[in-house]
Each structure stands twice: as structure tokens, then as C-alpha cells.
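Asker: Sequence:
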Amino acid sequence: MRPVARGLCCLFTVVQLIVFNIGSCAQRPIGFADPWAGRYEYVFDLGLGPGGEALMIGYTLDVAHGTGHGAATLKVEGYMSDDEVQCDTTAQADSLVVSFNHAIRGDTATWTGGVPYHFGDVLLTLRWEGVRATRHLVTYWGGYIGEAPRSKEGLRQFDKVNNVSQSRR
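The number in the working numbering is simply the position in the sequence shown, starting from 1, with 73 added.
One or more hints might be untrue.
[Unchecked claim] Label pairs and their in silico Cβ distance ranges:
#, residue 1, residue 2, range
1, G124, R205, 42 to 48 Å
2, V234, E202, 16 to 22 Å
3, E157, V204, 34 to 40 Å
4, Q165, P123, 19 to 25 Å
5, G139, T207, 26 to 32 Å
6, N235, A176, 23 to 29 Å
7, G203, Y152, 29 to 35 Å
8, S168, G122, 31 to 37 Å
9, R200, G122, 31 to 37 Å
10, R208, H175, 29 to 35 Å
Calculated directly from the structure, the hints in this document are not laboratory data. All residues carry an ideal CB built from backbone N, CA and C; glycine is no exception.
Using the sequences plus the hints, can you model the full thing?
Answerer: Shown next, in the form of C-alpha cells:
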């Protein structure tokens, strides 16, 4: 083998090793604590119905370890609501953007209110706000159509109830 060809082979091998090592370093190590993984819940109290019964809608967001395609499931159950949606997630510093992927249960063409959702539509964003002692989770509703109250400033609605979530589907 000529010296130039041998040198190119060695250079190619070195480049492969560097790329492989950089790629493996970019992956999260086993046991890495994903700050967003877990279950989030919010119960919206609609008040009393005509017969005096309590009317409520429960929202449950299960976020799997890691973000991306199909990383979360949003369930909406309660008064005139029974939907389950597979969502994509994107973590951005102190916020988690939850966007529509596809309907699992409920009307697959539309979701609450007869308004269609399209792949990638942002349904809601969760954001940690405040400083250490007063840190709290704020909900910013996106394209989600439903009964939950909204505000441009965000509202304290969802609470993280545990750090364990369902595995990805």
C-alpha cells in the first residue's frame, strides 16, 4: 500500500473514532434524571350542574423520558370530555412545548369543539417560573380548544404529581 493511501486510511479511522465518541457522549447516560419526565395533572372545576352535582374536567399529561416524537400522552376526562391524544414534546430551558401528534381515543378527525388539530399544532406549554423558594409550574394554552381558563400571562394549573411516567407507545 502506498504511503498516501495508508495515511488516508489512518485518517479515515481516526475520523470514525472521533465521530463515534462524540455521538456516544451526546446521548444521555443510563439513569440520567429527565426533569420533565413524569405525570402532570390539572382538574378544572366547572361548578355545580342543574341537579347540584359537581362538574369537573380532569387533564392528565404523561411525559416519557426524553423528548420528541410521541413522548407524551394528554388525557382529558370528565364532564362531556373523553379524549386521549399522543403528543410530541420539545424541551426549551425551563419550558416544555406539547404539540399534537395524533388522536388515540375520542373523535379522531376533531378534538373538543369540532375544531381539527393538525400534526405539530402546539396544544400547551408548561413553564417553570419563579425563584427557588417560589418556583411553580405555569400553563400557557396554545391551540387546544376546551373549557380550561386561559391567560396570556399563563396560569398555575398543572401540577407535577410524580416523576414516573408511562413508557412511549
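Asker: Hint by hint, say whether it matches the structure.
Answerer: Each hint, compared with the structure:
| no. | hint | in the structure |
| --- | --- | --- |
| 1 | G124 to R205: 42 to 48 Å | 46 Å, holds |
| 2 | V234 to E202: 16 to 22 Å | 19 Å, holds |
| 3 | E157 to V204: 34 to 40 Å | 36 Å, holds |
| 4 | Q165 to P123: 19 to 25 Å | 44 Å, violated |
| 5 | G139 to T207: 26 to 32 Å | 29 Å, holds |
| 6 | N235 to A176: 23 to 29 Å | 25 Å, holds |
| 7 | G203 to Y152: 29 to 35 Å | 32 Å, holds |
| 8 | S168 to G122: 31 to 37 Å | 35 Å, holds |
| 9 | R200 to G122: 31 to 37 Å | 33 Å, holds |
| 10 | R208 to H175: 29 to 35 Å | 33 Å, holds |
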